[in-house]
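Participant: Position 136 (the sequence shown) corresponds to 136 in UniProt numbering; numbering is contiguous.
Bear in mind the hints are in silico, worked out from the structure with no lab data behind them. Using N, Cα and C, we set each Cβ at its ideal position, and we do this for glycine too. A portion of the hints provided could be inaccurate.
[To be verified] Computed list of lysine-lysine pairs in DSBU-like fashion (alpha-carbon distance at most 30 angstroms, straight line): (1) 124 with 3; (2) 56 with 20; (3) 128 with 53; (4) 139 with 44; (5) 53 with 34; (6) 6 with 34; (7) 57 with 44; (8) 34 with 128; (9) 57 with 73; (10) 130 with 20; (11) 121 with 56; (12) 29 with 139; (13) 53 with 124; (14) 44 with 81; (15) 128 with 44; (16) 56 with 29; (17) 6 with 29; (18) 139 with 57; (19) 124 with 138; (20) 53 with 73; (21) 39 with 20; (22) 57 with 39; (23) 130 with 56; (24) 73 with 34; (25) 124 with 57.
[To be verified] Simulated restraints on C-beta separations: (26) 15 with 120: 31 to 39 angstroms; (27) 133 with 24: 22 to 30 angstroms; (28) 74 with 139: 23 to 31 angstroms; (29) 4 with 57: 22 to 30 angstroms; (30) 5 with 35: 16 to 24 angstroms; (31) 73 with 41: 37 to 45 angstroms; (32) 74 with 2: 18 to 26 angstroms; (33) 139 with 4: 34 to 42 angstroms.
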Amino acid sequence: MGKLTKQLLEFVFDNQKIIKNSNIEEINKLLWHKTCDGKITFHKETLDIINEKENKKEYFNFLNDEYLRYIDKSELPISEKAEIIANILNFIALNTNDYDPFSNMGFFAQNFDGGRKTEGKYSKEFIKHKFYNLKDFKKQWEEAKIDGDGVAYPGNIE
């Protein structure tokens with residue numbers, strides 16, 4: 001991406017005030033779009049900008065909580081919801097160095113996919129689409145369902 005294009009994207013991104021923006025439809029446009037043939041394309045450049053932010057953890061928390069809840073409740077077909085959710089969870093996991101990826105995915109698995117012992121609607125889509133060939137996503141998802149927050153594991157039962 002050219003320097004001017006990146007600066008323009010950063011300007012738009014910063015003016016959206018993503019974390020405090022209640023217009024998630026506008027946030028969708030920054031994160032992904034559908035191509036003419038109906039395929040979902042993620043805007044890697046926007047995700048890269050989030051990853052460069054000093055407060056990226058706040059963005060990750062927003063994406064993992066409010067944004068994924070929004071996607072889950074949206075009228076999109078389950079196949080599209082699952083693809084968006086997989087990409088967001090994978091992006092967060094690949095760009096976090098601590099326990100948070102498991103916490104994020106584990107929370108999502110427990111609250112939106114039926115928990116550890118079930119293959120809920122999202123797990124079924126992830127498997128059906130071979131985890132979208134996302135780097136390490138299959139391993140991340142399986143480990144998070146065992147070790148993640150919201151899914152009880154030894155020594156951390158509250």
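Participant: Each hint needs a verdict: does it hold in this structure or not?
Facilitator: Status of the hints after comparison with the structure:
1. 124 with 3: violated (40 angstroms)
2. 56 with 20: holds (14 angstroms)
3. 128 with 53: violated (34 angstroms)
4. 139 with 44: holds (22 angstroms)
5. 53 with 34: holds (26 angstroms)
6. 6 with 34: holds (21 angstroms)
7. 57 with 44: Given pair residue 57, residue 44 holds - Cα atoms ~17 angstroms apart, limit 30 angstroms.
8. 34 with 128: With a Cα-Cα distance of about 20 angstroms, the restraint between residue 34 and residue 128 holds, given a limit of 30 angstroms.
9. 57 with 73: The hint holds at about 23 angstroms.
10. 130 with 20: Measuring from Cα to Cα gives roughly 34 angstroms; hence the hint is violated.
11. 121 with 56: Roughly 29 angstroms between the alpha carbons, so the hint for residue 121 and residue 56 holds.
12. 29 with 139: The hint holds at about 29 angstroms.
13. 53 with 124: violated (33 angstroms)
14. 44 with 81: Given that 30 angstroms is the threshold and the Cα spacing comes to 18 angstroms, the pair holds.
15. 128 with 44: holds (24 angstroms)
16. 56 with 29: holds (19 angstroms)
17. 6 with 29: holds (16 angstroms)
18. 139 with 57: Distance ~22 angstroms between residue 139 and residue 57 Cα, so the pair holds.
19. 124 with 138: holds (12 angstroms)
20. 53 with 73: holds (28 angstroms)
21. 39 with 20: holds (29 angstroms)
22. 57 with 39: Since the Cα atoms of residue 57 and residue 39 sit roughly 29 angstroms apart, the hinted pair holds (cutoff 30 angstroms).
23. 130 with 56: holds (28 angstroms)
24. 73 with 34: With Cα atoms ~19 angstroms apart, residue 73 and residue 34 stay inside 30 angstroms; holds.
25. 124 with 57: Distance ~29 angstroms between residue 124 and residue 57 Cα, so the pair holds.
26. 15 with 120: 31 to 39 angstroms: Holds, at about 37 angstroms.
27. 133 with 24: 22 to 30 angstroms: holds (27 angstroms)
28. 74 with 139: 23 to 31 angstroms: holds (27 angstroms)
29. 4 with 57: 22 to 30 angstroms: Given range 22 to 30 angstroms: holds, Cβ gap about 29 angstroms.
30. 5 with 35: 16 to 24 angstroms: holds (19 angstroms)
31. 73 with 41: 37 to 45 angstroms: Violated - the Cβ-Cβ distance for residue 73 and residue 41, about 22 angstroms, lies outside 37 to 45 angstroms.
32. 74 with 2: 18 to 26 angstroms: violated (33 angstroms)
33. 139 with 4: 34 to 42 angstroms: holds (38 angstroms)
Violated hints, in rising order: 1, 3, 10, 13, 31, 32; the structure is consistent with all others.
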